[in-house]
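Asks: Listed below, chain by chain, are the residues.
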Amino acid sequence: MKNIDAKTHVSGTSVYLDDIPLIQGTLYGAALGSPVAHGVLHQLQLEEALREPDVIRIFTAADIPGDNQIGGIIKDEPLLASDHVHFCGMPIAFVVARTREAARAAVKKIKADITPLPVITDPREAQAQNQLIMPPRTFSQGDTEQAWRECAHVFAGAVDINGQEHLYIETQGAYVVPQENNSLRVYSSTQGPTAVQRTVSTTLGQPMHRIEVVVTRLGGGFGGKEDQANTWAALCALAAWHLGKPVKYALHRMEDMAMTGKRHPYMADYKIGLDSSLNIIAYEVTFFQNAGAAADLSPGVLSRTLFHCTNSYYIPNVHATAWSCRTHLPPNTAFRGFGGPQGMFVIEAAIAHAARVLQIDAAVIQQKNLIKTGDEFPYGQIAQSEAGACWQKAATLYDATGWKQAVDAFNATHRLQKKGLAFMPVCFGISFTNTMMNHARSLVHVYTDGSVCISTGAVEMGQGVNTKILQVAAQIFSIRADRVKLNPTNTINIANTSPSAASATADLNGKATLMACNAILERLKEVAATALDTKADAVTIVNEQVLVNREPTGWDWQQLVSAAFTKRVSLSEHAHYATPEIHFDTVKEKGHPFAYHVYGTAILEVTVDCLRGIYKMDAVKVVHDFGSSMNPDIDRGQIEGGIVQGIGWMTMEEVIFDKEGRLRSNALSTYKVPDIYAVPEEIVIDALRSTADNLAIFRSKAVGEPPLMYGIGAWFALRNAILQFNPEADIPFITPMTPEKVLMALYSNKEKGIIQQHEATTSHLGIDQ
Amino acid sequence: MLRFILNNEDIGTTLSPGMPLLDFIRYHQHLTGTKAGCNEGDCGACTILIGDLHNGELRYRSFTSCLTPLGNARGKHIVTIEGVSMPSLNPIQQALIDNSATQCGFCTPGFVMSLAGFCLSRQVPKRRRAIAAIDGNICRCTGYKSIEKTASIIANFVKQRNETDPVTFAVEQQILPSWFSGIEERLKKLTLSLNGEPAAAGTPIVGGGTDLYVQKPEDIREQSLRFFFDDPSLKGISRQGNKCIFGASSTATDLLESAVMQEYFPQLENYIKLVSSTPIRNMATIAGNFINASPIGDLTIFFLALDTTLEFNTGRILPLRQLYKGYKQLNKTEEEYVCRCWFELPDKDTLFHFEKVSKRTHLDIASVNTAICIRMQDGYISKARISAGGLNPVPGLLTDTAAFLEGQIPDDALVQQACAIAQKEISPISDARGTADYKRLLLEQLIKAHFITLFPSLPIQV
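Residue numbers (the working numbering), protein chains in the order written: chain A, 14 to 782; chain B, 274 to 735.
Next comes chain B alone, as it looks inside the complex (with noise of 0.2 Å):
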């Protein structure tokens, strides 16, 4: 019996915990406010709130339902639209109004959704907050403005917050219904009742579903499958001597809002707001990115220029960079599966840095991304490594150019050399992500992105 919180009434059910989250909403409690648009985390109609307990404190976050398992629901709150609807508008449904913000209305509880979390964060309220918190919700018709208009004031309704908890103030300002406030009590009740049921060792494994579900969704609904997501073993994102230290069941978000990555990569959300979107990096786990094997991962690509090593559950290590075999042909058995990463953290005398560009800036996968992590020592290149993505059938590391670069003085020629070797280094193909031409052309001048924005005195001709 998987067991949860849907709005306001305790869920058991018997149904297939592979089902995806939306269908059971939709089709099975008939709470039809939340829409099927995309079917792959793409488009934010199907977006819902799930709340847990982290740490004791009740969390909330935004998910894209119809890549969520039915699984992941066990033991939290389920929220949608129409939990959050009263029978007079919250402030976020009459600011979409005020502003015109809704026109066919097909995206709008999505959109209400993802700013009812951007309510429930415990971030500080910023208007940039706001936004990335729809970033992941698209609409066809209004073309945005009256949408960011709510969302400016919205962030401003939920700056006098201060530092009340946010759900005692959504409650207060009739953000949310009143029943909110009994929440945190149930699910700690509702966990202590929760009896896991054990998976069988060989059934397939699942984290945030946002790659499984989109590949393939039908053969995994009816199966028998391990819910790892909430794996308390498999979490956390720590600092440990030089070391820092993940679970392979830490998501995006996770990392963004980490203390020490933020301390060691001043530009992390910079970084982080290229890769998807905000409720797919809720869901998203950075191990999931690297099993997953697609030739174009970003956080792959982040982490093989961080050098990072891999422990799998039978105690043996891996450096990332050998994870890979060929197009999706892992270094790994059946019954392994990734507990935790590590990797060096930059000192003073490490500079990194991360590009990806792709058709749309924003929640698009990547024609081509890359890291590089280089070394300074007295004005010399000491060590380097330069990750690329989208260029060969698996994401790796330039070896040569890093080779070539190491002992070398950082310029000019330099850069366009290195630009020449790794030439030799991809076989590029055309698909979708833009022909292979311009991939080759891309790559070169990421790697000239990479330097100027490293060494901004740096006369680098483009």
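Chain A on its own, in the form it takes in the complex (with noise of 0.2 Å):
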């Protein structure tokens, strides 16, 4: 089944946030973001803007009724900056305008009085200055220590891998629309429209029960709407509760990329190492993450970089330590992946590292070490695992060893031009990691003409969630896809949500959904037994037909539903769900935090022009573990896009900060992502169709997330294409690969008589020098 938005979307007459028809006297809205990355806010000169035509107001912390306060997991970061500033870009003052143009002039002309204070970008430097955003965590298995002795390799190293922007090409935005009775209604570009209320509600100091938020859709999100649409929704409430005016703030790109965190940017170091058969027996990591300047995701993300902090691995002696570090960056984020794919960089590191020094292919320690069914994960849960039989199924059917064989060929004949080969295991869990988030509820209506309607706590933003829902319930009640219709999410029709977030949307959704239609379902068969004299357990509905021990009764969907109706039976249910089984001691650092594991494994070749530095993607060819695809299209297509933005985030995607804090990849003309030309030339996706009972609705494993991490071994294809070009390069492990950091290694450690030895001279976060 196709994606049900697709009609709509490729005629145009699909809603984004800016396409919402406008109520007459709608005020415009545009913030001014600090233009220094950290320093004390004296005063703002406000007069020059207020004397710009049609500027209405401009609103300050003062203003804010409520608390000035946004923080979600910890009560860290103002709405608005008050007395100090912590990053480029934090919001200062709103200002509201007759017209978008006059909005934005005015904040041109606000004169902010700022004393700059020392400004920390690099995450090594807030730990040592001990800027932490928590405690640091440790997961550890077995004993690392006593493992050492027993090891006959030991590697260490350090790792540098830069953030991504998400790009949505929908920038962030809010409509605030006052309603009566000291309500609003708040239309938000947001995953999480409760976090959107509850926002608006602290900062206003409103009960909850005033705020209405509707999301129809999002123009993409990837994360970077879960948490950081919150503060556009709240400045425009702000504004309409001040004025009793609808007031909308549709971010401009340059504002966007300016104001809202990213990916997070991790420093590590590692120590890895392997006994004489080359198992993996020991394994270090401290991870630095670059949070930015407050909290938002972050505590999140570090936990799930410890759970993913061994990929698909199994090793018995771990120790890994993660550090929340506060920069005067924008607050990193959520982003697809949501600090899996960092943690597992490091890993791939450490085993290319091991590899290089004992000139063996990395594949070789990959596939030895892949964890088994049974296997302990380094918090505890014990490993469902498909990883052996994903590998085994991508080297068989993508012929490896040939393609290998073709790729040495290739080499050995092509001066110029180096191919490399990668293997790239995923192994990620599906769960919020904060197992409490692990819930989700469904209002189903069936109307008395046989129509059904159905709300949740989902938020489409591309993903395909409604589709698979509608299917739910179409499957459920066995009637055709058009007679069911899903509605804008709506936090008056689904309360307390979790955002669409952590590639649980789907479950979580789909299971309420699936609950719903059952409790209506038992009812209306009570009500076809009733009427046709047999019990409920011998009715069933196929394809729109009410059947009794399987044989026709001339009683359709349609009829049955009216039956229902005139005995006054409900033809409503409201559902919650909550993923069984999940538990974590986060003392202990133990327990049982995922209802299941997606694994998979991805083949990816790349060809470096080693006169020019720059590179193209051959092919990824993989094998994903789908369980039972409910939505084989929908599916191929998270896992292509996943791919895709995986490989950018490796390859191009260069987010810029220099050392004053200040963004230098503001705009798509500086910050590129993968083009048309760009992808691979070949993406192949086969199916393990596992069997396995598992907790995924309908078995139909979660696939948001976990393709991303497939992008992780273009990184390490043009790694090995480099070495082929010259064995003695240099290529620290530091992300991306950009055609800069290529040519640099291709040259590396080479006579090069003209022109001197180039120091690296690009640090993690691609800054200026």
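If you are wondering where the hints come from, they were derived from the structure by calculation, not from laboratory data. Where hints are given, some of them may not hold.
[Said to hold, decoys possible] Within a straight-line C-alpha distance of at most 25 Å, the following computed PhoX-like cross-link-like pairs (lysine-lysine) qualify:
1. B:Lys461 - B:Lys508
2. B:Lys422 - A:Lys20
3. B:Lys546 - A:Lys629
In this text the structure is predicted, and so the values were computed from the model without any measurement.
Now that you have both chains on their own, put them together as the hints suggest.
Replies: Quick look at the structure:
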């Protein structure tokens, strides 16, 4: 089944935030972001800005009637700066005017009197100065101290992973319309309607029931709108509350890029130990997460880094510590993978390091150490593993041996072009790592004409969750898909939701929908049983026909619904689902946090132009653990999109801050995401159809985040290609692998004669030197 | 009164002609299918088609409406997603759905419009051209593979067209609504009735808007402007004797489609593919690239190596290499503007090559770009010009390097020494396009790439 929004998408009639027809009198907002990354804010000079034509009012922290606080996990972030600024782009004031242009023009006329303070952009520096978001966390298993003595080979090194801009094509925004009795309707481009509701409620000092949040769909989210849509909604709400007028703010791309957080950059130190048979027996890792200026979702991201620090491998002795470091960058936030990819990159780097020194193929170590069913993850959960099955199937299906021979033959015959191959296994845990968030509700109405509408807390952002929920209802009722409609997500219909995140949205909301539909179905069967003089368990509905003992009765769906209504039987149900079995003890750092894991293996091939340092992705071939896909079209799209986004993160997407904490890659002209020419020439996806039972909806495993991490293999494939050209190449574990990094590595430690040895001048953030 | 056709509606507006067309479409006409994504022509979510009469023939090209001044709509047919949508889906829309090529949907109308532009192009339909048509559209969800499949299907579909007029074919095949058949006549009538408002001398000039609307959109939206994009006296690319003469408002696409350029530069398509994207190439003028004075302008570097000459409205003649006095400082008065340009076409002994490397190979600003033009005589280099961008405050020629090459027989040692000399002619800075060290190394590599390409049998050490 195709995405149910596809028709409106292709005809341009899908409604996004900036497309909502405006109410007469709507005003426009624009935020002033701090021009400096750290400083004391003395005062704001607003007079000149207020004299601009069409400017209505400028709001500052003093205008906030409730708490000037938007921190979700930790209360450490003001909505508007009052005495200090902590990052470039931190909102200081909010201008409201009659036109968009007037609001933006007035922003430029505000003068902020700020005394600069020292700026930290490096997480190691922040950690050294004890600038921490929270105390460090450590996951451990076995005894690494003991294990080092048993190792035949020990390698240690450092890793520097850059962030990633979400670059949802629809920028952030909100539109707030005052309602009667001090209520507000908030249209928001958010993955977390409840988070928006709570933030508006807190900042206005009003009860949550006065704040209605409506989300029809997002033009992309990828985690960037999980927590960071709150600010714009709260600013518009603040103005609407004071002025009694509708207020809208859809961010300009450059405002969005400068003011919002990104995927967390990480630095890390690793130490890996192998025995003489290449079993990894010990692994120590210390992560320095660059959280930015406030906690935002960093504590959650940090935990997922730890959960995924051994990727698909079983390592008996692990000691992993993670520091969440406070710097003066915009607060970094959720991004597809949520810390997991960074954890995985480090273990893959450690393995690649070992393989290079041992002069073997990294794949040998990778394959040998894949986690098996019954092995324990460092956090205590026992693996139900498909890692080996995925790897085996990929190696066989894609003829890994023949493939490698072809690559070797190519490299032997080409002087200026070299190919590289890499395997990338992935193991990703499904569930919010914060156990309390794993619940959802669904409200299902069957109308008397037999049509059905469904409200859930799921937010549609292209991932196809609404299509899957529709499929659940159509399948349970056994009715035509066009009888079912999904409603915009609305906090009035569904309360206290978790954000659409963690790949778990279809599972949670789908299961709640399944429960609601089943409850209605049971009542309908009772009605049929009474009318047809049989027992309810003899009644089934198949293709809209009511059957008794599998024989047609002449009744159809519509007739059954009518009969139930006549009998005053409820045709509505509000169901609640909470993921069973999961638990986690954050003191012991042990438990069973994930409903299940998704596994997969990708093999990637790249070709490097060793003259110019540019490269192309030849192929990504994947065996992915779908469970039993309920919508292969949507799932394939998620995998392809995830792979390309992951490759972008690893190759061309370079977030550049300067030492003053100013974003230099602040527009699409300076921040490059993959275009149609940049994607792999070939993406092949094969399903591992695992038969083991799992907690996924219809056993169709979550597919949102895991494929992104196949893209990590692109970095290692490029590394392998560079080594084919220059076996002595110095290739530090720094991401992304831009053409610059490739060229510098190709010619590192090489007699160049003409120009001097180049120093590595690009740091973890790609800071300008 | 600014008059044009928007989809099937006749428009007459007195709104500021400096307003971006996107704002007019979305916020004044409330046609919200055209999306605002980046406001700098880099994402393609706002792609529209503009049809105009070209030598009496209706021609459609894709534009990013965020960078197009409303004034450039004068007398034209503006087509948005609403203008190609009918009660039933057109083949482009159907193919996108069939291939699951839409996820969040925000970029989708832009893709539909770019593919509609491909369907209306008079070029021979080929898969690579269908892909090129969408090379200015960014999708963050799908990973493009499903969109590639869609483009292939559309390319195959359009192949049935044969000699049929593209608009006629598109209407017959229900790619476009039937009213498109009447547009050519309506445009002819509209053109006759247009009374262009003479712009006062001294008011700023807008060409395609691709740089101006990135640099200072707020400043120019209410300003009085002179619109030169469609001035027929500034158009045209032709050969006169051994010279190629082109009007200042010729676009990169005009260059790509020019018969004379294709004849003398067999690799032209490969070079131009490295320059921006289809919609931007449809909008960006060649002289605009010169006057913008970016140290890294691709077409500037291309034409510097060809020793192009400029002619201003005042009649003054100036070699392009003398245009730049310093960073963004031009050897020209306020009132002067480029009217036409010419260069000597390469003869059989002249070799030309263009190289560009950027973070993303396509639709990106170069880290370093360079072009070379050398004349060979009896195995010797008799004349050489090498231009390079991204390495100095202005785009320019590496004159010492070129002088060194002249009178020499190309070999590895010569190239290595030329690279060393080139290092002394540049002063790159570190920025978002790369560190200074990288740019130095990259220039060397690209000089080597020039020689490896032009003299494939030379054993050049890299």
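Asks: Please list, smallest to largest, the hint numbers that this structure does not respect.
Replies: Those not satisfied: there are none.
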